[in-house]
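Student: Below are the chains, spelled out letter by letter.
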Amino acid sequence: MLSGSARAFLIPGLAALLAAAAVLGLSLGTIRLDWTTLTRDDTAATALLQLRLPRVLLAVLIGAVLAETGAVAQALFRNPLAEPGLIGVSAGAALAAAVVHTALTGIASLAALPPSLILPIAAFAGGLAAAVIVLRLARRDGQTDMTTMLLAGTAINAFVAAIVGLLSTRADDSGLRGFTLWMYGNLGRAGWSEIAVAAPVLLAVALWLPREARGLDALLLGDTEARHLGVDVERLKRRVLIAVVLATGAAVSLAGVIGFVGLVVPHAIRLLAGPGHRLLLPASALLGAVLLTLADTVARTAAAPAEWPVGALTSALGAPFFLALLLRMRTRIGLP
Amino acid sequence: MSLAVTAVSHAAGRRRLLDAVSLQLEPGTVQVLLGPNGAGKSTLLGVLAGDLRPLSGRATLDGRRLADWPAADLARRRAVMMQRDELRFPFSVDEVVALGRLPWQRREQSPGERAVIAAALAEAGAGALAGRRYLELSGGERARVQLARALAQIRADDGDPAPRYLLLDEPTASLDFAYQHHVLKSLRRLADRGVGVLAILQDPNLALRHADRVSLLANGELIASGLPADVLDTERLSRVYGLPIVAEQGPGGRRSLDVAETPPAPAG
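Note that the protein sequences, when read in sequence, are chains A and B. Quick note on numbering: the first sequence equals residues 5 to 340 in the working numbering. Quick note on numbering: the second sequence equals residues 26 to 293 in the working numbering.
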């Protein structure tokens with residue numbers, strides 16, 4: 005763990021790291037980019053503005069939101085292994101995406117929308133709908149019971165997975181392939197117009213969540229204990245859950261499922277700076293942004309012109325790291 | 026001015042947990058709640074803390090219903106130490122105690138706040154635990170840190186003379202012999218400074234030794250309330266606990282209670 009004075013450098017240090025990662029992400033790609041001649045090189049300028057800048061921006065925002073909402077979910081569930089997926093957002097989004105991939109042409113003619121827009125809109129709506137069901141099921145006597153939410157979320161996740169499985173028998177080959185790739189997360193789908201809609205939501209949630217830091221700290225003691233400390237637990241939970249659902253819904257609808265960022269990043273920060281949310285939330289957001297930016301840069305350059313699904317990459321790197329964390333530092337990350 | 030319940034009843038489903046209980050916690054006293062398991066002690070503490078809304082009757086602080094108090098104001102007037110401990114995140118001991126300062130919204134890490142935290146730790150017999158990781162502590166050590174958190178919570182630093190209250194659910198449960206007395210003496214000093222202390226205990230001898238008042242609960246009813254020596258009468262205790270209890274004169278003329286030796290059942 006960092007000493008008190010070293011903790012003061014954590015945020016500036018991570019911010020500098022993020023700036024470096026963003027510049028790296030903008031510089032690397034199939035089209036060589038020379039920053040000095042950029043203004044005179046149309047191809048390079050187009051690649052930068054239309055392809056790389058939106059992607060890097062999306063990586064920064066989604067990485068930040070995934071890591072931060074992961075930390076928040078762990079506080080709400082009072083479980084170091086929780087993640088927003090437990091609320092059902094990803095599952096609902098996946099079901100909607102599966103429906104779209106199975107019957108895209110039919111839906112496109114029905115809704116009179118360009119196919120590229122139908123998928124994110126449907127995924128966002130599906131994620132929201134699943135989350136609303138889970139949140140409803142978890143309310144008892146006017147209070148949100150997180151254990152019930154965990155069970156309800158698990159049930160909804162299983163149910164949705166079953167329907168997706170059934171749907172896949174109806175899909176044609178291209179629909180099946182499209183859905184499988186969607187499931188693994190990719191930051192290359194969204195253009196400027198989608199980002200313009202989603203970015204304010206992602207940014208607002210990322211900046212707002214740290215304001216609830218002290219209440220979330222108190223929640224780690226227990227709901228009753230937090231109430232004894234004067235925290236309006238029910239309203240805190242409701243506010244924070246809505247923010248988490250909106251942000252993860254926006255993230256998953258644009259980029260698909262990107263695993264392990266929300267699980268690994270908060271743990272890494274807790275090892276450095278402890279579990280206090282005032283530092284944990286902004287630091288997780290920055291580190292999440294750094295990691296996803298770097299992962300996406302690797303995903304689109306390592307096998308260019310082919311692209312790796314970035315969600316598979318984060319899971320492939322995150323899982324062993326997480327396992328090492330789990331086995332070597334159990335008590336330090338709060339496991340019994 | 027007091028923390029009080031008046032004719033409070035509570036139930037879980039059809040099971041009656043409290044039956045028309047009235048009790049007043051006065052500032053400057055140590056009041057002990059005693060009774061068999063399942064008597065309703067924790068339920069009564071929950072009502073006094075504002076966790077449970079009574080089905081009938083009133084729970085009030087300074088005459089105003091607990092439910093009508095703004096949560097943050099209430100948190101500056103009373104602290105609660107619960108028996109269970111759900112914390113599973115790797116806070117340091119000082120950070121746990123600092124959470125008790127949340128209702129005061131003071132700047133963290135300021136010299137004043139650090140002094141309050143250090144004083145609370147010392148008062149709870151946990152001074153030596155400062156700087157340790159909470160999750161690496163034993164059960165008894167954690168209990169002392171949680172007590173320190175409650176003490177830090179009701180440390181008034183706004184010059185407001187309104188009395189504070191401390192509610193404790195078995196604060197001595199996991200403590201060794203020496204710390205049981207240390208903690209109860211700390212509660213006494215707290216009462217001497219004007220705090221109203223209500224503690225659930227299981228050991229009538231600790232109540233005899235440290236309480237100003239004792240309230241005895243059984244089956245959700247308040248059997249007796251008053252001075253320890255009066256309430257902890259051997260005949261009454263024998264009836265409530267359902268086994269013979271005798272009083273002995275200990276060294277220094279102090280009365281202590283014990284379970285009577287029952288004669289072995291005749292063979293055959």
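Note that these hints are calculated values from the structure, not bench results. C-beta: ideal position from N, C-alpha, C; glycine also. Errors might be hidden in some of the hints.
What the hints assert, rightly or not - With beta-carbon atoms standing in for the labels, derived distance ranges:
| # | chain 1 | residue 1 | chain 2 | residue 2 | range |
| --- | --- | --- | --- | --- | --- |
| 1 | A | LEU155 | B | ARG89 | 31 to 41 Å |
| 2 | A | THR34 | B | ALA155 | 38 to 48 Å |
| 3 | A | SER9 | B | GLY275 | 51 to 61 Å |
| 4 | B | SER163 | A | GLY17 | 33 to 43 Å |
| 5 | B | ASP93 | A | THR152 | 42 to 52 Å |
| 6 | B | ALA45 | A | ASP149 | 58 to 68 Å |
| 7 | B | GLU111 | A | ILE246 | 16 to 26 Å |
| 8 | A | THR152 | B | LEU80 | 46 to 56 Å |
| 9 | A | ALA24 | B | GLY165 | 25 to 35 Å |
| 10 | A | ASP149 | B | ALA147 | 31 to 41 Å |
| 11 | B | GLU111 | A | ASP177 | 44 to 54 Å |
| 12 | B | ARG39 | A | SER120 | 57 to 67 Å |
| 13 | A | SER9 | B | ALA147 | 20 to 30 Å |
| 14 | B | ALA45 | A | SER9 | 50 to 60 Å |
To be verified - Covered stretches of chain A (chain B as the covering partner; in silico rule of three or more C-beta atoms under 8 Å from a C-beta of chain B):
| # | region |
| --- | --- |
| 15 | 216-222 |
| 16 | 231-243 |
To be verified - Footprint (simulated), chain A over chain B, 3 or more residues, beta carbon under 8 Å:
| # | region |
| --- | --- |
| 17 | 143-149 |
| 18 | 251-259 |
Student: The structure should be examined with respect to each hint, and the outcome stated for every one.
Tutor: Tested hints:
1. Between A:LEU155 and B:ARG89 the beta carbons are some 39 Å apart, a value that agrees with the proposed interval 31 to 41 Å.
2. For A:THR34 paired with B:ALA155, a C-beta distance near 57 Å fails the hint of 38 to 48 Å.
3. Against the hinted window of 51 to 61 Å, the Cβ-Cβ separation of A:SER9 and B:GLY275 comes to about 54 Å, which satisfies the hint.
4. Distance hint check: the CB atoms of B:SER163 and A:GLY17 are about 36 Å apart, consistent with the given range 33 to 43 Å.
5. Restraint check, B:ASP93 to A:THR152: a C-beta distance of roughly 29 Å breaks the suggested window 42 to 52 Å.
6. About 30 Å separates the C-beta atoms of B:ALA45 and A:ASP149, a value inconsistent with the hinted range of 58 to 68 Å.
7. Our hint of 16 to 26 Å for B:GLU111 and A:ILE246 holds, since their Cβ atoms are close to 24 Å apart.
8. As the Cβ distance of A:THR152 to B:LEU80 is approximately 24 Å, the hint placing it in 46 to 56 Å is violated.
9. Between A:ALA24 and B:GLY165, the C-beta spacing of about 49 Å breaks the proposed range 25 to 35 Å.
10. A C-beta distance of roughly 38 Å is found between A:ASP149 and B:ALA147, which places it inside the suggested range of 31 to 41 Å.
11. For the pair B:GLU111 and A:ASP177, the beta carbons lie near 50 Å from each other, so the given range of 44 to 54 Å is met.
12. The hint said 57 to 67 Å for the Cβ distance between B:ARG39 and A:SER120, and at roughly 59 Å that hint holds.
13. In this structure the supplied range 20 to 30 Å holds for A:SER9 paired with B:ALA147, their Cβ-Cβ distance being about 25 Å.
14. Between B:ALA45 and A:SER9 the CB atoms are about 58 Å apart, so this pair conforms to the stated range of 50 to 60 Å.
15. With a cut-off of 8 Å between beta carbons, the region 216-222 of chain A has 3 residues touching chain B; three or more are needed, and the interface restraint holds.
16. Counting residues of the region 231-243 of chain A whose beta carbon lies closer than 8 Å to any beta carbon of chain B gives 6, which reaches the threshold of three, so the coverage claim holds.
17. Against chain A, the region 143-149 of chain B contributes 0 residues with a C-beta closer than 8 Å to a partner C-beta. That does not satisfy the three-residue criterion, and the hint is violated.
18. Note: the region 251-259 of chain B has 0 residues with beta-carbon separation from chain A under 8 Å; the three-residue rule is not met and the coverage is violated.
Hint compliance for this structure: hints 2, 5, 6, 8, 9, 17 and 18 are broken, all remaining hints hold.
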